[in-house]
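Student: Following the hints, position chain U against chain G.
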Amino acid sequence: QKEVEQDPGPLSVPEGAIVSLNCTYSNSAFQYFMWYRQYSRKGPELLMYTYSSGNKEDGRFTAQVDKSSKYISLFIRDSQPSDSATYLCAMSHPNNNAGNMLTFGGGTRLMVKP
Amino acid sequence: KAGVTQTPRYLIKTRGQQVTLSCSPISGHRSVSWYQQTPGQGLQFLFEYFSETQRNKGNFPGRFSGRQFSNSRSEMNVSTLELGDSALYLCASSWAGSYNEQFFGPGTRLTVL
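Those protein sequences? They're chains G and U, same order as listed.
Heads up, the first sequence stops at 114 in my numbering, and the numbers go up one at a time, no gaps.
Heads up, the second sequence stops at 113 in my numbering, and the numbers go up one at a time, no gaps.
Only chain G is shown next, with the shape it has when bound in the complex:
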């Protein structure tokens, strides 16, 4: 079983819809959580970074962390065709020699149709 599980999709929604992307994890030591967006043939782009349970909002994006359930979510409001990409969750924990090693989910492919 992978440490971080993410539904691969594809997830297809109409323009303007609210999108919910989710990841579950098994390692309770994870303390830092990130969401990246990756367009085809590009490197991942950091969208959100959080380290506490609860919600964090940035424009149309809201990241939610529930450490008790080992579950994180990314919500996209008023989705646009330009949001069509693969979304990757990533996390890290303090046990790995005080470094920056990220463990990624497999990614969810999102398609927003005009």
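Simulated from the structure, these hints should not be mistaken for laboratory data.
Since this is a predicted model, take the numbers as computed values, not measurements.
The C-beta atom is built at its ideal place from N, Cα and C for all residues, glycine as well.
Hints may be right or wrong, so weigh each one.
What the hints assert, rightly or not - Keeping only pairs whose Cα atoms sit at most 20 Å apart, straight-line, the calculated EDC-like set for lysine to aspartate or glutamate is:
| no. | chain 1 | residue 1 | chain 2 | residue 2 |
| --- | --- | --- | --- | --- |
| 1 | G | K70 | G | E3 |
| 2 | G | K56 | U | E101 |
| 3 | U | K57 | G | E3 |
| 4 | G | K113 | G | D78 |
| 5 | G | K42 | U | E52 |
| 6 | U | K57 | U | E75 |
| 7 | U | K13 | U | E52 |
As the list claims (entries may be wrong) - Footprint (simulated), chain U over chain G, 3 or more residues, beta carbon under 8 Å:
| no. | region |
| --- | --- |
| 8 | 19 to 30 |
| 9 | 100 to 114 |
Claimed, not checked - To list a few chain U residues with every Cβ distance to chain G over 10 Å, as calculated:
| no. | residue |
| --- | --- |
| 10 | V4 |
| 11 | R15 |
| 12 | Q18 |
| 13 | N56 |
| 14 | G62 |
| 15 | F64 |
| 16 | N71 |
| 17 | E101 |
Tutor: Below, chain U without anything else, positioned relative to chain G:
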């Protein structure tokens, strides 16, 4: 501010050869991490360098190695290439401390024939 740059962007090699990839981090960033991305395994951590020292290492064979220079630029090397090494190799940089946000470059797409 310029982002993370990686060279070359594309490479084609044959089995048994070796390859060196280069990464220049964002100015002021001292940590550089390398990841391998494949359709089957997704994004997997290779290693991280900070102040010219390897700080973390993932579960990859010894054929994969790296180094970091005093200006924080980093290189990774893969020796005795195998077909399964075909992947997108991504470099990420972060400021200095632990658990910082990591910013990725565009990657080097390596094809092994």
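Student: Does each hint hold? Answer for all of them.
Tutor: Quick rundown of the hints versus the structure:
1. With a CA separation close to 11 Å, the supplied pair K70/G and E3/G stays within the 20 Å bound.
2. In summary, the hint linking K56/G to E101/U is supported, as the alpha carbons are separated by about 15 Å, within the 20 Å threshold.
3. The straight-line distance between the Cα atoms of K57/U and E3/G is roughly 17 Å, inside the 20 Å bound, and the hint therefore holds.
4. For the proposed pair K113/G and D78/G, the alpha carbon gap of about 12 Å is at most 20 Å, so the pair holds.
5. Among the hinted pairs, K42/G with E52/U is inconsistent with the structure: their alpha-carbon atoms are about 27 Å apart, more than 20 Å.
6. This hinted pair checks out: K57/U and E75/U have alpha carbons roughly 15 Å apart, not beyond 20 Å.
7. A C-alpha spacing of about 28 Å is found between K13/U and E52/U, which places the hinted pair above 20 Å, so the restraint is violated.
8. Check on the region 19 to 30 of chain G: 0 of its residues sit with their Cβ under 8 Å from a Cβ of chain U, so the three-residue criterion for coverage is violated.
9. Counting residues of the region 100 to 114 of chain G whose beta-carbon sits less than 8 Å from any beta-carbon of chain U gives 8, enough to reach three: the coverage restraint holds.
10. Remark: the non-interface label on V4/U conflicts with the geometry, its nearest Cβ contact in chain G lying 8 Å away (cut-off 10 Å).
11. Remark: the non-interface label on R15/U is consistent with the geometry, its nearest Cβ contact in chain G lying 24 Å away (cut-off 10 Å).
12. Every CB of chain G is more than 10 Å from the CB of Q18/U (nearest about 24 Å), matching its label as outside the interface.
13. Non-interface call for N56/U relative to chain G: violated, since the shortest CB-CB distance, roughly 4 Å, does not exceed 10 Å.
14. For G62/U, the condition that its CB be more than 10 Å from all CB atoms of chain G holds, with the nearest at approximately 18 Å.
15. A cut-off of 10 Å between C-beta atoms confirms that F64/U is not in contact with chain G; the least separation is 15 Å.
16. Remark: the non-interface label on N71/U is consistent with the geometry, its nearest Cβ contact in chain G lying 19 Å away (cut-off 10 Å).
17. Not every C-beta of chain G lies more than 10 Å from that of E101/U, the closest at about 5 Å, which undercuts listing it as non-interface.
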